[in-house]
Amino acid sequence: MAAKSRESVVLQPVSKSGTGKASKRNITYINVLQVLTVAALLGYMEYAVTSGKINRIFMASPSSIVEEAFHIAADGTLWPHLILTLQEVLVGYALAAGVGIIVGLIWTMFPKTEAYGNVFCSAIMAIPKTAILPLLILWFGIGFQSKVVLIFLFSVFQILYSTVTGAKQCKIEYLKVARVFNATKMQTVFKVMIPAALPSMFNGLRLAAATALTGVVFSEMQSAKAGLGYLLSESQNLLNTPRMFFIIILVTLISVCFVKLIAAIEYLLCHRWSRV
Amino acid sequence: MPTIKINKLDKYYPGENGETTHALKDINLEIQDGEFVCIVGPSGCGKSTLLEIVAGLLEHTDGEVLLDDIPVNGTSRDIGVVFQDASLYPWKTIKKNIAFGMDISGVPKKEQEERIAKYVKMMNLSGFENKYPSQLSGGMRQRAGIARALVMNPKVILMDEPFSAVDHLTRCTLQEELIRIRQEEKKTVLFVTHDINEAVYLADRVILLSPRPSTVQEEYDISIPHPRKRSDEYLVQKAAEIVAAISIGADKQEAVEYYI
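Taken in order, these protein sequences are the chains called W and H.
Read in order, the letters of the first sequence correspond to residues -11 to 264 in the working numbering.
Read in order, the letters of the second sequence correspond to residues 180 to 439 in the working numbering.
Worth flagging that the hints you see were computed from the coordinates, not collected in a lab.
Being a predicted model, the structure only gives us computed values, none of them experimental.
Some clues are possibly wrong.
20 Å max Cα-Cα, derived SDA-like pairs, lysine to any residue [unchecked claim]:
| # | chain 1 | residue 1 | chain 2 | residue 2 |
| --- | --- | --- | --- | --- |
| 1 | H | K271 | W | P183 |
| 2 | H | K310 | W | P183 |
| 3 | H | K275 | W | P68 |
| 4 | H | K271 | W | F178 |
| 5 | W | K164 | H | L236 |
| 6 | W | K159 | H | S227 |
| 7 | H | K408 | H | E356 |
| 8 | H | K297 | H | E364 |
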């Protein structure tokens, strides 16, 4: 025993620094335990629901979730809702990214605009976005528009403020170099400040991607005629628990993929120079 | 003919509570064409302030700075600056960093390539053109910083403690390279350092600034030709002289503060 534990202490740092990437793919007993835990949980769920220990209304068995997934994908129920939700997220998020970044850059270029606008943005940002949903529905209806506006409001401030912070963190030396070479204001912004702000900007974009999906699902659950959130609250009303589970899983996957997509764009733009 | 003429230069910094800091006081300097001048002085004495004023990065309060008899107002193509930590852009490759000034002033790509190739070779950066600054050592980064300034072919190079962030051996190598480049390129160099040995080894003339408010306390001509030996008795003696003069200046300041 003693010899074995000593060996692992000695081996750990070697495998970390020595074999590099390959060691990351090594399956350790911790990974095995994790997989077993999940399998046990799923197995218990299956057993508990099918045997009737837990009422089918409160819990869905994994097999019934998979079955339901195939069912609503095959009969076409899922697709219009899925597509609508994706459209709402993409349009709202794209608007938020565009407006957030552009306003952020304007604020950086002309500090007086920040002095003017900051107080308004902070005030609007402070409002819990979910609280103004009733108003948005009144103004924009229960369809596409109100969702886009809500996602926009959910995301825009995060993107705006991370852009401004990033541009402000631009080292004073970087700006001095630009001045030494007589760069114009435009050149300074586009060749120095924006690249310097990219990491912080992407931080905001990534956080906003996660919140955007929260926003859309919430608003669709409240009042909508379609969308994944609508489908979710509808299946609750119909006591279709497997479908609820499936939609929750689906929304989670979309959210993760969305965040990964933004991270991938960041990686493409910045990985070569940003410190690993 | 003097390249840089500094006449009665004064610089006040606005401080807190409306108090002003008198950083530079009545600085008079003439730097000849092709001369290598080092500025030394106790820390906080305004060496970098003086350099930034000459670079046009900082406004002065009074007096004038002339470059070839034309007042310096803002930055100029004729003045290149090398910063303390190289200040390369981390998102650009070494090559793109060197090209930055030419990009800004719209030099055609073909000419850019030629000029970059020349200075990459001169600064021993061959093979590192497509690396990013984070992949390079401090010494290599500073080589790129120097190349970035030289590639614009300025008349004057201003250097603000350029070798202070690298280790001793690299520093010695960079010093040798600087001497060689300066002879090849015939540039006027104004070099700020806190390393007295570096100053006497490199310079034709060493300017000692006094503590704040800084004036020119003393000037030392280092009148031996390159190549110099670091252990040369003349240089060692000059360095000792300057060190002694710095402590006299510091004593004076302390005494003044004491009596107030």
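**Request:** If any of the earlier hints don't hold here, list their numbers in rising order.
**Result:** The structure conflicts with hint 3 only, although it agrees with all the remaining ones.
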